[in-house]
Structures are given as structure tokens and as C-alpha cells.
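Visitor: Residues per chain, in single letters:
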Amino acid sequence: MEVLEAVDKAYGDGHAASLERKAEFIKIVRSLFKSKAALAGLFILSAVIFSALLAPYLAPYDPTVQDINNRLKPPAWDPKGSWAHLLGTDHLGRDILSRLIYGSRISLIVGLSAVLVSGTLGILIGLLAGYYGKWLDDIFMRVVDIQLAFPFILLAIAVVAVLGPSLRNIIIVLGVTGWVVYARVIRAEVLSAREAEFIQAIHALGGGTLRILFRHLLPNVVSPGIVIATLEVARMIILESALSFLGLGVQPPTPTWGGMLSDGRQYIYNAWWLATFPGLAIMLTVLGINLLGDWIRDLLDPKLEI
Amino acid sequence: MMRKHLISRFFQTLVVLLGVSMVTFAILHLTGDPAALLLPLDATAEDIAKLRHEMGFDDPLIVQYGRFLKGALRGDFGLSFRHNEPALQLVLDRMPATLELTVAAMLISISVAVPVGILSSLKRNSLLDHAGMVFALLGQSMPVFWLGIMLILVFGVKLHLLPSFGKGGIEHLILPALTLGMFTMARIARLTRSGMLEILGLEYIRTAQAKGVPPRSVILRHALKNAAIPIITIIGLEMGTLLGGAVITETIFAWPGVGRLTIQAIYNRDFPVVQAAVFTLACIFVLINFVVDVLYTYLDPRVRYE
Chain A
32 MEVLEAVDKA
42 YGDGHAASLE
52 RKAEFIKIVR
62 SLFKSKAALA
72 GLFILSAVIF
82 SALLAPYLAP
92 YDPTVQDINN
102 RLKPPAWDPK
112 GSWAHLLGTD
122 HLGRDILSRL
132 IYGSRISLIV
142 GLSAVLVSGT
152 LGILIGLLAG
162 YYGKWLDDIF
172 MRVVDIQLAF
182 PFILLAIAVV
192 AVLGPSLRNI
202 IIVLGVTGWV
212 VYARVIRAEV
222 LSAREAEFIQ
232 AIHALGGGTL
242 RILFRHLLPN
252 VVSPGIVIAT
262 LEVARMIILE
272 SALSFLGLGV
282 QPPTPTWGGM
292 LSDGRQYIYN
302 AWWLATFPGL
312 AIMLTVLGIN
322 LLGDWIRDLL
332 DPKLEI
Chain B
3 MMRKHLISRF
13 FQTLVVLLGV
23 SMVTFAILHL
33 TGDPAALLLP
43 LDATAEDIAK
53 LRHEMGFDDP
63 LIVQYGRFLK
73 GALRGDFGLS
83 FRHNEPALQL
93 VLDRMPATLE
103 LTVAAMLISI
113 SVAVPVGILS
123 SLKRNSLLDH
133 AGMVFALLGQ
143 SMPVFWLGIM
153 LILVFGVKLH
163 LLPSFGKGGI
173 EHLILPALTL
183 GMFTMARIAR
193 LTRSGMLEIL
203 GLEYIRTAQA
213 KGVPPRSVIL
223 RHALKNAAIP
233 IITIIGLEMG
243 TLLGGAVITE
253 TIFAWPGVGR
263 LTIQAIYNRD
273 FPVVQAAVFT
283 LACIFVLINF
293 VVDVLYTYLD
303 PRVRYE
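Read top to bottom, the protein sequences are chains A and B. Taken in order, the first sequence gives residues 32 to 337; the numbers are from my numbering. Taken in order, the second sequence gives residues 3 to 308; the numbers are from my numbering.
Don't take every hint at face value.
Computed list of lysine-lysine pairs in DSS-like fashion (alpha-carbon distance at most 27 Å, straight line) [claimed, not checked]:
1. B:Lys213 - B:Lys227
2. B:Lys125 - B:Lys227
3. A:Lys40 - A:Lys58
4. B:Lys52 - B:Lys72
5. B:Lys160 - A:Lys111
6. A:Lys67 - B:Lys125
7. A:Lys165 - B:Lys6
8. B:Lys6 - B:Lys213
9. A:Lys53 - A:Lys65
10. B:Lys125 - A:Lys65
Calculated directly from the structure, the hints in this document are not laboratory data.
Produce the complete structure using the sequences and hints provided.
Guide: See below:
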């Protein structure tokens with residue numbers, strides 16, 4: 032375009048391109064603000080991240096301090112509650128609000144780490160399977176089928192029961208079992224991109240395989256990868272809370288939302304707040320991520336079937 | 003053409019089943035010493051060595067795997083440590099209960115989700131559409147175990163309408179089935195809506211309308227039949243999710259199914275039962291997938307030429 036060339040001439044080479052990038056960025060931000068759902072998601076997620084990062088400053092009490100005299104106090108708006116404990120106390124007298132705030136840390140750490148591990152694994156495998164094809168592809172896809180055959184929860188529980196529950200083991204289990212979603216989609220993208228002319232041109236020019244893989248194919252698969260990663264964070268958070276609920280997550284006294292739910296389950300007959308709030312926290316966090324993830328998907332790759 | 007495709011799928015399924023058996027076998031050997039797993043924590047080194055020899059754990063892995071596979075094919079997974087009965091028998095005894103729960107959950111999901119999805123797609127962007135999709139989004143964001151506990155809280159504790167645990171008449175089935183089916187319901191609703199929207203926009207629909215085909219026939223016979231393809235695929239996949247989700251739901255509602263049995267077995271370190279249960283569930287899922295594949299081949303002729 033003449034305008035762009037003129038810009039480059041006046042301001043130096045490359046200036047037009049950087050202006051274009053800035054325009055793209057502004058377009059994206061505008062579209063974010065137009066979508067109320069995405070904004071809501073962003074707001075919720077920011078609140079959760081904020082809580083996790085600033086937990087020691089936000090939480091009114093230490094989440095592990097027990098106060099048996101004050102046990103099972105209802106939330107502040109209940110006549111028997113008090114504003115000292117906004118959301119009430121649990122069966123050991125610990126402040127629920129503080130535990131919720133600290134619990135966000137575990138959820139976010141596990142969610143993000145597990146996605147990092149499974150995403151890296153999955154994208155790598157998907158790239159290799161899609162590019163090399165033939166029997167390598169067949170093997171990988173059989174492995175995918177085999178892994179998908181097992182109800183994830185059972186596999187996770189069995190493995191954690193054998194290896195022992197800890198933060199590290201949970202991240203490993205979630206990461207190692209989560210790669211499948213990425214691999215499938217990335218492989219499909221690579222299969223279609225592989226036939227593109229520019230790939231064949233690079234090949235003809237003598238470009239090496241590694242170069243093709245990383246410099247040319249990888250950027251194309253980043254979009255679906257990001258969409259999947261976002262939605263997977265939500266799934267990982269739910270799975271972590273499920274494991275914690277079953278007692279196989281991060282062990283007490285570290286507060287986890289799933290663990291709080293498990294504790295609260297015994298007290299639903301007389302202390303409904305123990306179980307209700309952690310679950311709400313999980314649901315809102317996951318909702319926020321899903322809303323944001325849907326917006327990202329519509330932005331980057333609307334045809335993606337997730 | 004179709005037969006060749008089906009035969010190749012059949013062999014792929016066999017490979018997957020073989021892989022399933024390998025993973026099931028491997029669970030016990032993850033830490034390297036199954037004998038240590040099977041004994042209480044204060045066992046002496048001699049006890050462990052003795053057990054290792056008795057159970058044949060000091061044979062090479064491939065020999066042990068062969069033994070396991072032979073046993074598995076005959077349905078012999080050993081005796082349960084807890085109950086002293088054949089492990090597989092314990093699993094099969096509880097399978098009907100789990101299947102009842104899973105089928106009920108699937109039925110509830112489909113009967114609510116499909117109409118909601120269709121209506122949403124027909125009245126796009128109306129209040130009905132938005133409400134339906136918000137509900138679906140929430141449904142996909144809430145953890146299964148929290149929903150179960152909340153339902154027990156509302157219908158069991160506060161309203162005294164429905165029982166909160168155990169198996170009995172249909173009133174015992176409603177809450178667990180609803181809990182189990184919620185996520186699937188949400189997912190199918192969203193997929194039905196997007197699938198219908200996509201197809202309703204296609205030209206052959208407009209042709210049918212121009213021809214004067216009555217609207218109901220257009221929707222049901224032309225649009226739905228094609229939207230059904232991804233929906234049926236999802237149903238097949240969701241059966242696996244349901245079988246897995248049943249684990250948690252059964253625990254919460256004390257439903258006497260395979261899931262609950264497996265979790266208790268894991269807590270009790272009753273590994274023959276764990277292996278029998280995991281293997282059986284995985285096989286069921288693989289078979290369901292195969293059936294879905296066959297159905298798919300009939301519904302979508304394009305698949306036969308892959």
C-alpha cells in the first residue's frame with residue numbers, strides 16, 4: 032500500500048509494520064471491551080489472581096490458626112455471626128474468608144503449572160506426529176486412545192495413591208495426563224499446514240526440518256494452543272479441587288478449596304457455609320476463565336471445535 | 003470400502019485394549035516395588051522380600067505382565083484383599099448400579115439439553131437464548147462434587163424432599179443422576195445450539211424452506227439429522243466422562259456402584275480390585291467408542307473414504 036510505503040520512507044523502515052501491530056492491538060482491546068462476557072471473565076480472574084498474589088495482605092487472619100472457642104460461627108449477615116468473620120469459621124475455628132483467599136494460591140499454581148507441563152508435552156507431540164506422519168503418527172494416536180480410555184479421575188487417584196499426595200505429584204499427574212487435548216488439535220493443524228506451499232518452498236530451498244518445525248509451523252499452531260491452554264487451566268483447577276476433595280491433593284494444613292469442601296461436607300446439616308463458599312469460589316474462577324477463553328477462541332480461531 | 007474401514011477400526015481397538023491392559027498392569031509397579039505397597043508401613047524388609055517372592059514379583063516384568071494378561075483374559079484378577087472374593091466379581095456385582103446411574107444421567111442430560119439447544123438456536127440472541135447459554139456456562143463451570151453437596155443441602159437438608167444417600171426407588175436416583183449429568187447437559191446444550199446455527203445457515207435449508215417444506219419438518223428432518231452427527235460423537239465421548247464422574251458422585255451419594263468400590267479399594271490398598279475396576283471401565287469405554295465409530299460411519303458417508 033502506498034500509505035505504508037510513504038510512512039516507511041518518512042519515518043524509517045519497519046515503522047509501518049510497528050504501526051500496524053499497534054493498530055491490531057487496539058482493535059483487540061476494543062473487542063475485549065465490547066464483549067461484556069469477556070470483561071466479566073477478566074474481572075473475576077483479576078480478582079482471583081489479585082487474591083493469590085496479595086494473600087498475606089488481604090486475608091484478615093492466618094488461615095491455619097485454630098480457635099476452637101469460635102468454631103462453626105455463621106457468616107456475618109446471620110444473627111449468630113459477627114463481622115469479625117465475614118464468611119464464618121470452620122469446625123476448627125479457622126476463618127473461612129482467609130482460607131478462601133489462600134486457597135486461590137494452590138488452585139492457580141496447580142492450574143498454571145499443569146497447563147505448562149501438559150501444553151509443552153502436547154504441542155511437541157502434536158508437532159512431531161503431524162509433521163512426520165505415518166507410523167510415528169499412528170503410534171502417538173494409539174497412545175492417545177489408550178490414555179483417553181481411562182476415566183481420568185481413576186487414573187489420577189490411582190497414581191497419586193501410589194506416589195503419595197503432594198503439590199509436585201499432582202502437577203506431574205495432571206501434566207502427564209493432560210497432553211492429549213493439545214496433541215490432537217495441534218496435529219490436525221500441522222497436517223493441514225504441512226501441505227502449504229511455503230513449507231514446500233522452504234524444503235526446496237534446503238531448509239532443515241528443525242527450522243521448519245520451530246520457525247514456521249510452530250507460530251501457526253500457537254493460536255489454537257493458546258485457546259486450549261486457557262480452557263485447560265479451568266479444567267485443571269477443577270481436577271485439582273477434585274483430588275483435594277478426595278484427600279489426595281495438597282495436604283493440610285495448607286488450605287485448598289477442594290479440601291475445604293471435603294471438610295464442609297460433614298457439616299452441611301448445621302453449618303452450610305463451610306461447603307458453599309469454597310465451591311462458589313471454584314465455580315466463579317472457572318467461569319471467569321471459561322468466559323475469557325471463549326472470547327480468546329472467537330478472536331483467534333472461531334472454527335476450533337472445543 | 004466401509005468394511006475395510008470398519009476392520010481397520012476393529013484392529014485399532016484391539017491395540018488400544020492391549021495398551022489398556024499394559025497401563026492397568028503398570029499401576030502397581032509405578033514405585034518399583036509392589037510388595038512394599040501391599041504391606042502395612044511397619045513391615046520388615048524380610049516380610050517384604052517374602053511377599054515379593056510369594057506373589058512372583060521378582061520375576062522379570064514381561065513374565066509378570068504375561069501372567070496378568072492371561073489372568074485378565076480369563077477374568078481372573080486375583081482375590082480382593084479386603085473381601086476375599088474374586089476381584090472381578092466384586093466389580094461386576096456393582097456394575098448394574100453404576101450403569102443405572104450413568105444411563106439416567108445421560109437421559110436427563112439429552113432430554114433437557116437438546117430441546118434447549120434447538121430452541122436457543124431458533125430464537126437466537128433472545129432472552130431465552132441468553133438465559134439458556136448462561137445456565138449452560140454455569141453448568142460447565144461448577145465442580146461435580148459441589149453440585150452434589152448443594153443439591154443435598156437444598157433438597158435433602160432444607161426441604162426434606164429427597165433422600166441424600168443410598169440406592170432405592172426413583173427418588174434416590176434423581177439427585178445423583180442430575181449431579182452427574184449437569185456438565186454433560188451443559189456441554190450438549192451448547193453444542194446443539196452451535197451445530198444447529200451452523201446448519202440452519204446453510205443453503206440447502208433455505209432451499210427446503212423455499213420449496214415450502216413445513217418449518218417443523220425442516221428443523222427435525224433436515225437440520226437436526228445433520229447436527230446429530232457431532233452430538234452423537236459427543237455422547238460417545240461423554241459416556242467416558244460420565245463413567246469417571248460417577249466415581250465422585252457415587253462417593254457423595256453413597257451410591258453402591260463401581261466408582262465407590264474403586265475409591266474405597268484405593269484407600270484400602272486393595273489393588274486387585276483397583277486393577278479389575280480400572281480395566282473393566284476402560285474396556286467398556288473403548289467398546290462404546292467403537293460402537294460410536296460404527297454409527298458414525300453410517301451417518302456420515304464421508305468418513306468411509308478416509
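Visitor: Are the Cα atoms of Lys213 of chain B and Lys227 of chain B separated by 27 Å or less?
Guide: Distance ~19 Å between Lys213 of chain B and Lys227 of chain B Cα, so the pair holds.
Visitor: Taking only the CA atoms, is the gap from Lys52 of chain B to Lys72 of chain B under or equal to 27 Å?
Guide: holds, 24 Å
Visitor: Hint check: Lys53 of chain A vs Lys65 of chain A, CA-CA at most 27 Å. Holds or violated?
Guide: holds, 18 Å
Visitor: For a C-alpha distance cap of 27 Å, please report whether Lys125 of chain B and Lys227 of chain B respect it.
Guide: Given that 27 Å is the threshold and the Cα spacing comes to 19 Å, the pair holds.
Visitor: Just to be careful, I want the Cα atoms of Lys6 of chain B and Lys213 of chain B compared with a cutoff of 27 Å; is the pair within it?
Guide: violated, 39 Å
Visitor: Take a quick look at whether Lys125 of chain B and Lys65 of chain A sit within 27 Å of each other, Cα to Cα.
Guide: holds, 22 Å
Visitor: Is the hinted pair Lys40 of chain A and Lys58 of chain A satisfied, with a Cα-Cα distance of at most 27 Å?
Guide: Holds - the C-alpha atoms of Lys58 of chain A and Lys40 of chain A are around 25 Å apart, at most 27 Å.
Visitor: Mind checking the alpha carbons of Lys160 of chain B and Lys111 of chain A for me, to see if they're no more than 27 Å apart?
Guide: The given pair, whose Cα atoms are some 19 Å apart, holds under the 27 Å limit.
Visitor: Please verify whether Lys67 of chain A and Lys125 of chain B have alpha carbons no more than 27 Å apart.
Guide: holds, 20 Å
Visitor: Does the structure keep Lys165 of chain A and Lys6 of chain B at a Cα separation of 27 Å or less?
Guide: Given pair Lys165 of chain A, Lys6 of chain B holds - Cα atoms ~19 Å apart, limit 27 Å.
Hint 8 from the earlier list is the only one contradicted by this structure; the remaining hints agree with it.
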